[in-house]
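Residue numbers (our numbering), protein chains in the order written: chain L, 23 to 381; chain S, 23 to 381; chain R, 23 to 381; chain P, 23 to 381.
Hints listed in this document are in silico derivations from the structure and should not be mistaken for laboratory results. Quick caveat: nothing in here was measured; it's all calculated off a predicted structure. One or more of the hints may lead you astray.
Which copy is meant is left open, so a pair is good if it fits within one copy or across any two.
[Claimed, not checked] Straight-line C-alpha distance at most 16 Å; calculated EDC-like pairs for lysine to aspartate or glutamate:
hint : residue 1 : residue 2
1    : K87       : D61
2    : K169      : E377
3    : K224      : E283
4    : K291      : D335
5    : K87       : D118
6    : K183      : E283
7    : K294      : E340
8    : K298      : E340
9    : K224      : E330
10   : K291      : E340
11   : K381      : E168
12   : K169      : E59
13   : K294      : D335
14   : K298      : D118
15   : K190      : E82
16   : K164      : D61
17   : K224      : D350
18   : K167      : D61
Number of protein chains: 4
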Amino acid sequence: MGNTFGHLFRVTTWGESHGGAVGVVIDGCPPRISISESDIQFELDRRRPGQSAIVTQRKETDTVKILSGVFEGKTLGTPICMLVMNEDARPEAYRDIAEKFRPSHADYTYFIKYGIRNWQGGGRSSARETIGRVAAGAVAKKILKEKYNVEILAYVQQIYKLKANIDKTKVTMAEVESNPVRCPDQSMAKEMEALIKEIRSKGDSVGGIIECVARNVPAGWGDPVFDKLSADLAKAMLSIPATKGFEYGSGFDCVNYTGTEHNDAFCIKDGKVSTKTNFSGGIQGGISNGELIYFRVAFKPTATVMVEQQTVDIHFRETTLKPSGRHDPCVLPRAVPIVEAMTALVLLDHALRHEAQCK
Amino acid sequence: MGNTFGHLFRVTTWGESHGGAVGVVIDGCPPRISISESDIQFELDRRRPGQSAIVTQRKETDTVKILSGVFEGKTLGTPICMLVMNEDARPEAYRDIAEKFRPSHADYTYFIKYGIRNWQGGGRSSARETIGRVAAGAVAKKILKEKYNVEILAYVQQIYKLKANIDKTKVTMAEVESNPVRCPDQSMAKEMEALIKEIRSKGDSVGGIIECVARNVPAGWGDPVFDKLSADLAKAMLSIPATKGFEYGSGFDCVNYTGTEHNDAFCIKDGKVSTKTNFSGGIQGGISNGELIYFRVAFKPTATVMVEQQTVDIHFRETTLKPSGRHDPCVLPRAVPIVEAMTALVLLDHALRHEAQCK
Amino acid sequence: MGNTFGHLFRVTTWGESHGGAVGVVIDGCPPRISISESDIQFELDRRRPGQSAIVTQRKETDTVKILSGVFEGKTLGTPICMLVMNEDARPEAYRDIAEKFRPSHADYTYFIKYGIRNWQGGGRSSARETIGRVAAGAVAKKILKEKYNVEILAYVQQIYKLKANIDKTKVTMAEVESNPVRCPDQSMAKEMEALIKEIRSKGDSVGGIIECVARNVPAGWGDPVFDKLSADLAKAMLSIPATKGFEYGSGFDCVNYTGTEHNDAFCIKDGKVSTKTNFSGGIQGGISNGELIYFRVAFKPTATVMVEQQTVDIHFRETTLKPSGRHDPCVLPRAVPIVEAMTALVLLDHALRHEAQCK
Amino acid sequence: MGNTFGHLFRVTTWGESHGGAVGVVIDGCPPRISISESDIQFELDRRRPGQSAIVTQRKETDTVKILSGVFEGKTLGTPICMLVMNEDARPEAYRDIAEKFRPSHADYTYFIKYGIRNWQGGGRSSARETIGRVAAGAVAKKILKEKYNVEILAYVQQIYKLKANIDKTKVTMAEVESNPVRCPDQSMAKEMEALIKEIRSKGDSVGGIIECVARNVPAGWGDPVFDKLSADLAKAMLSIPATKGFEYGSGFDCVNYTGTEHNDAFCIKDGKVSTKTNFSGGIQGGISNGELIYFRVAFKPTATVMVEQQTVDIHFRETTLKPSGRHDPCVLPRAVPIVEAMTALVLLDHALRHEAQCK
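Can you make the complete structure from the sequences, with help from the hints?
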């Protein structure tokens, strides 16, 4: 249970980090949309390990294959199944952790919940699961752009204590993609890169914050009362591995204002209703108001660190553990396309819901 | 759409702030649970306006009536419908806002989405909608306590810039309920109360942070990958009116640690698996690990302020607005039982899901 | 669980036959639809007992009240809660069956499933539950008619061994409503009425067949592969109490044809694609093809008969039972509006689904 | 939309008849169940074309591959993805129907609904889609047998006008599988086989009726009011291609009885509650009562016939069509495992729902 996301654009991911493959099925995709494997591959390549010196070096091409739902380059309206084969099967690399629970990983909780776990890597809790999300998100992004002109852009705003200075209304994808950290503040990006390298050399890890904006979302998307746009975004973000918090608009900082300071006065701008400020983050009462949507997501430092740690084994005895093998000291650059993908899934689902009920 | 929450313990709220009634239907409640109207009323009374000098003075008894699903004091396993009649119908009080969009309320977005709105108060976006949540949450809390010994407790941790000092492992409901602010740090509670009174005298408002703990949740609740316990809690919290952010465990503060500092080492405590620290907030990989679950929710300052503000009317002309009538300068004390209710809905749903799949 | 029907036009019924009330919540209703209590009452009155000499004499006005979701005569797009209070509470009338399982009723299965039952009448399995369906169906019928010009009409085709002769392409609601049996073959209706009176005098009961047609359904409604229009209609019909079978188009009679005889040849009629025959019943591959949709539903003889029957009590001892009180020798006339209501729920849900995915 | 079945044991099928592959994802499978590809292959082989002289001769091995959710022979509790590659890609064989709508197929309705279709065979409406159902059903059957001792058995009861004589309480799988028609009345099976061969020689086709029994289903499965066991079985059956009707227990024949004749008297048999007759088909009020569950499904004659038929092309001009290539004069033998699979999906889903709510 729990492997499906969305009500009308329904995405089901499947697959463990080791074993046959990882993939996704999309049900409810509108027909006659142009989709090719290269559209999907573009986003997967952004997520893929081994792209730069600062990310994990898992050696896989992560080549996507579309198995159904697309015919002569167009979607049929039927389920789209996409998969990526797992090539990097190195069970021996995981023998040493087969009987130990890695701290702050999901090893222990999966074992307790299911009474069994795939000890070859993270199994289902591995970041490889997000391949399916990114593939589905690539489809959703394309539809959002073509049908609604909606653009989604995420970027790294903070790594450890290093905070970037970014104008969220102007930042472009080119700026984000111009450095391996995916931080559009180029000088801060350099500092972040240096920090990550230093952290890597110590076998340690760091977390940070990703901010995401959605532009041109029309007013009216989002369903009160439980399926508020903000609530669905919160769920989407907290479903990404390693996330610890979500805030939109003024977020936690809202506590530092009084109501008169914090309210977004309505006004008429270029002949249409707008707000003078945007503490609301483009969402009021759970429904988009036509302003820029923006939110932030906190990622914890990667749980895998290359130092000896105290832990417990599957026989519930205390022991120690020092992982060998690959090490990803900071997942944020690779998490950027995942944040975008999940945002696209939420927005497109609500776009379709709006068409169904209110048009 | 969007008025149902939960997969197995399914809660559907309905009702506008003015009009017949507000209420809730629970589908999937286990049979043979003792439930009385007084169990529900206890929680509703905690949520009700007019309880103290610092909250809104809406004059309603909010008396709940159970219309179905309970027979001779026991649940039947059939849908439980509960309602509270709206008594405080004062449409004339809203005439002045009938054609104007209140800033940072949902007036504008509902109007744009649906092409119609109930201008008598907040309509569906009113806090009165949460009556249904609290009623359903009262049932869920009872089942969680009786079947699983799970306890849920929320409290005010911060109002505006005033931060309380609270030991989350020891705080009790009696401490929380002993002052009108629902802040268990009694001296800070006094300061908060003074602040709220001062803010009220200015016709202004403030927000703050509610923290919530869940005790005795067994390891194994939560469904990867999208329906992580943390993701469902995030959605539940962000679906509460006026919320802006959610974080669990170390939350946004996680960015200030390295992985070696932040990992929760496993150990054996009292013969069972435990963790030395609890940055994970009791949830790893989206599944409870048996430790204390805790999280924090940010509430913005109330949008209704008693001062003149710039806005736009339904003919899309700029105008000004100064609300008259009731004023709730700080919703946090009344939001405490709502946070608890939503937490109970999430936990019970996952308890039942766990029974279904893994037992 | 199981008390909600529909994916986009979501209907949740609640209520037992005795106790507070029975009702329904509709989530996902389009906004700005004109709905009044009299629209709903019209359909409820068709379903109500005591309308004629041949139906059960339960003395209730079944007056509907709309509690939410409608403002100044228009739907808001928010949940519509409607209820009917239970007036006819005569628990003493059921004392004699409180400890006995009525044969071919749901008494035993509810008791075994839930470990408790409301012995005052059928409880949740009572036909009173269908009040909520008919109320929701009244809303759905109105939307289907106004937005899509779709008309739904059901009628009694057979009672016991008496079969009516009806031209399904021409039958009108006036013809159906012109006699208490709701059989548009007027001479057969008289025979049926006489039969029901005779059966009633014996304390016995009979079943029969209701046929339903849906006119002007555009081609393209229905979702392969599991949510075929035909599959959802089958589920909708078999969810009505006392039903035993469903068939559409040629139905079970299809076995008597070869493929060459049974195929519906496509042709051009009045400039549009049509079929020469309509064995398909207007549905091909689970999707409407623009032809007349028609199907038939079998209803068993009412389980309540006024004669002594062998049974078992709640202590699992053999005993006998002879019900006293009301007796409904044939439910079909009253089931006609229920069949129409469920058909409307299926069709409107698929209309909205089609808007969402394919427009 | 519409490609997922089930609430707790959720099955999503995907794939067209031509193109990459067909398959299924199961979400919600209990962990620690032994499953191997050979368990799945056994059922797929029963469904596969080319097994005997009387079925279509599509030349494919239909070899299943499990891509996720199973580790070292046991289910992990995570999604199980299974697929079968499409080998028999012969687009040229379909060139002649690329622009024509085959009568009583889904060609026209898919084209109208989606504005596009995969003209290489039936696309998504092809019987190949049922491979995913049978694979998922194989898992469900295994769990039902191992955890609940529930057995499901379907067989051909009628082909065209030839009716078999079968004792549903005693029939065994060995009897069903002992002839290519899958009719356990061996002498009638011979006649049916001769009939099918004769029909094939004419290029024509026939339909028939499949009966299915479920043994040892405990009392208490099924969820009132919409998700009755009978309603979900009806939907499951009508979702199978070529089906036209469903009836359970006495079915349509119920109309020929009065209530006193038709009621199933309760009695005590071998110390437990039982019924003297079983017109209820093991289901009362939508919940299993512990008796044998049985129902019947009508299949129309195969729409593909090898004779010239009148039809319309995609430019909406009248034309004629004579298919070439493969011809399956009677799908019923191959539909038997599909009926069993869908029955298993319904029963297991309700078993899990019962665990969740009532245990």
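Now for the hints, and whether the structure bears them out:
{"no.": "1", "hint": "K87 / D61", "result": "within (11 Å within a copy, 27 Å between copies)"}
{"no.": "2", "hint": "K169 / E377", "result": "both (12 Å within a copy, 15 Å between copies)"}
{"no.": "3", "hint": "K224 / E283", "result": "between (45 Å within a copy, 13 Å between copies)"}
{"no.": "4", "hint": "K291 / D335", "result": "between (62 Å within a copy, 14 Å between copies)"}
{"no.": "5", "hint": "K87 / D118", "result": "neither (33 Å within a copy, 29 Å between copies)"}
{"no.": "6", "hint": "K183 / E283", "result": "between (28 Å within a copy, 14 Å between copies)"}
{"no.": "7", "hint": "K294 / E340", "result": "between (64 Å within a copy, 11 Å between copies)"}
{"no.": "8", "hint": "K298 / E340", "result": "between (58 Å within a copy, 12 Å between copies)"}
{"no.": "9", "hint": "K224 / E330", "result": "within (12 Å within a copy, 57 Å between copies)"}
{"no.": "10", "hint": "K291 / E340", "result": "between (64 Å within a copy, 10 Å between copies)"}
{"no.": "11", "hint": "K381 / E168", "result": "between (19 Å within a copy, 14 Å between copies)"}
{"no.": "12", "hint": "K169 / E59", "result": "neither (20 Å within a copy, 39 Å between copies)"}
{"no.": "13", "hint": "K294 / D335", "result": "between (62 Å within a copy, 12 Å between copies)"}
{"no.": "14", "hint": "K298 / D118", "result": "neither (58 Å within a copy, 22 Å between copies)"}
{"no.": "15", "hint": "K190 / E82", "result": "neither (34 Å within a copy, 45 Å between copies)"}
{"no.": "16", "hint": "K164 / D61", "result": "within (8 Å within a copy, 40 Å between copies)"}
{"no.": "17", "hint": "K224 / D350", "result": "within (12 Å within a copy, 52 Å between copies)"}
{"no.": "18", "hint": "K167 / D61", "result": "within (13 Å within a copy, 42 Å between copies)"}
In this structure, the earlier hints numbered 5, 12, 14, 15 are contradicted, and the remaining ones agree with it.
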